[in-house]
Structures are given as C-alpha cells and as structure tokens.
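Peer 1: If you're matching them up, the sequences are chains A and B in order.
Residue numbers for the first sequence follow the working numbering, so the first one is 1 and each next one is one higher.
Residue numbers for the second sequence follow the working numbering, so the first one is 1 and each next one is one higher.
Bear in mind the hints are in silico, worked out from the structure with no lab data behind them.
Using N, Cα and C, we set each Cβ at its ideal position, and we do this for glycine too.
A few of these clues could be false.
[As the list claims (entries may be wrong)] A short, non-exhaustive set of chain A residues, derived as facing chain B with CB atoms under 10 Å:
hint: 1; residue: 37
hint: 2; residue: 58
hint: 3; residue: 59
[To be verified] Some but not every residue of chain A turned toward chain B, in silico, with C-beta under 10 Å:
hint: 4; residue: 17
hint: 5; residue: 47
hint: 6; residue: 100
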Amino acid sequence: EVQLQESGPGLVKPSQSLSLTCSVTGYSITSNYWGWIRKFPGNKMEWMGYISYSGSTSYNPSLKSRISITRDTSKNQFFLQLNSVTTEDTATYYCARSDTHWGQGVMVTVSS
Amino acid sequence: DIVLTQAPLSVSVTPGESASISCRSSKSLLSSKGITSLYWYLQRPGKSPQLLIYQMSNLASGVPDRFSSSGSETDFTLKISKVETEDVGVYYCGHRLEYPYTFGAGTKLELK
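All chains, please: the whole structure from these sequences, using the hints.
Peer 2: Here it is as structure tokens:
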C-alpha cells in the first residue's frame, strides 16, 4: 500500500527557506503525479504544485517565483522548497499522490 | 483562477438524516474530453484529507455509498444520506480542470 510521510522543520524564520521532504513507500515516484498542498489556519486549502512521473513540474502561479519541487528517485522521495517565507506561509503542509493518497501533514510555523 | 463557492459553510445534522453541500464554479468544469473535473474531499478532525468523489460522480475506493454527487457544468451537490458519526469533519470541493487547481472554502459538518 502506498504511504507518504512528510518531514522537515516545524519552525522557520521569516525571509528564510522552508524545505520539506516527502518519503514514499509502496509505490514508485517514477509513476503518477506527486504534489504539495497546504492548509492554512482556518480551513483554506491551497494547491502548491506537483512533480510528474517524468520529473516535469507545475506550480501555482501565486507561488511561482518562490517554489521549487524536486525529487530523488533513488530514495523515492520528493521535496518542497519555498523561499522568502513570511508569516502568511504558516500552514500544515501535505504531500500527496494525485488525489488518492495523502501524507499525515506537517505543521510549519513561520516566526522569528 | 477558477473560484469554487461552497454553501453552507457549516451544517449541523441529526445522525441518520441527510445532508447536502453545494459547490458552484466560476467556470465550466467540463473538459474537452467530456469529463467533469470536480472532486470532493473530507478532512476528519486530526486527519489528512480523504478523496470521496472524483470526476463529479465517481465514488473513490473504500467510500461508502451513502455519499453521492451530481451536478451540471458549474453547479454541484454532495449528498450524504444517513449521516453517521464518522462523517464529521470539513468537506471541500476542488477542481482539476486547469492550473492552478483550487479548492472551495470548506463546509464544516457537525452532529446535533
């Protein structure tokens, strides 16, 4: 069964970069689509972007200048980097395989 | 960006009764391939979002048939018949028609 697990720091300072890892077991990331979604305090959800089975990426234009999604196929992991964070990037970050399988999420707070 | 408007934002339901949630899209979600790209998700308290419905009316794997969805190109309804305790949470509609993918604001379902 496919499982996804996010990892990364829970606290990031403003203006720094947020870096998260999604470790996948039970399914190869060289198949399907792998994305990052975040949920802000309250209920708002935002699709951030994805990396495809071939390594191509698509990003939310609202983040395009700050976001990068990459992968390491040898470790079956994919990564999120979000640069120049502000307090408005405080959210729970989820990785997901298409829409069917989600990680448990990691809460990231941006604060000095 | 496509805007998805959900209503109501919260609903209180007696167990065993039915509940309906509306989702209205600012643009037709009918793709050139004849697929209506509307999805429904449930996020239970403390859990990751779970896919309930894909392509407007198809039940995701493992989802009980108490859940159903229908609609047109822009107006959609999720119906939950015989609401149970496990149905409590926040329901989101989302689309996958074009980038960026977007979500509705969420509808919180609680029990009376």
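Peer 1: Are the hints correct? Go through all of them and say.
Peer 2: Here's how the hints hold up against the structure:
| no. | hint | result |
| --- | --- | --- |
| 1 | 37 | holds, 8 Å |
| 2 | 58 | holds, 6 Å |
| 3 | 59 | holds, 8 Å |
| 4 | 17 | violated, 21 Å |
| 5 | 47 | holds, 4 Å |
| 6 | 100 | holds, 5 Å |
The structure fails to meet hint 4 from the earlier list, while all remaining hints are met.
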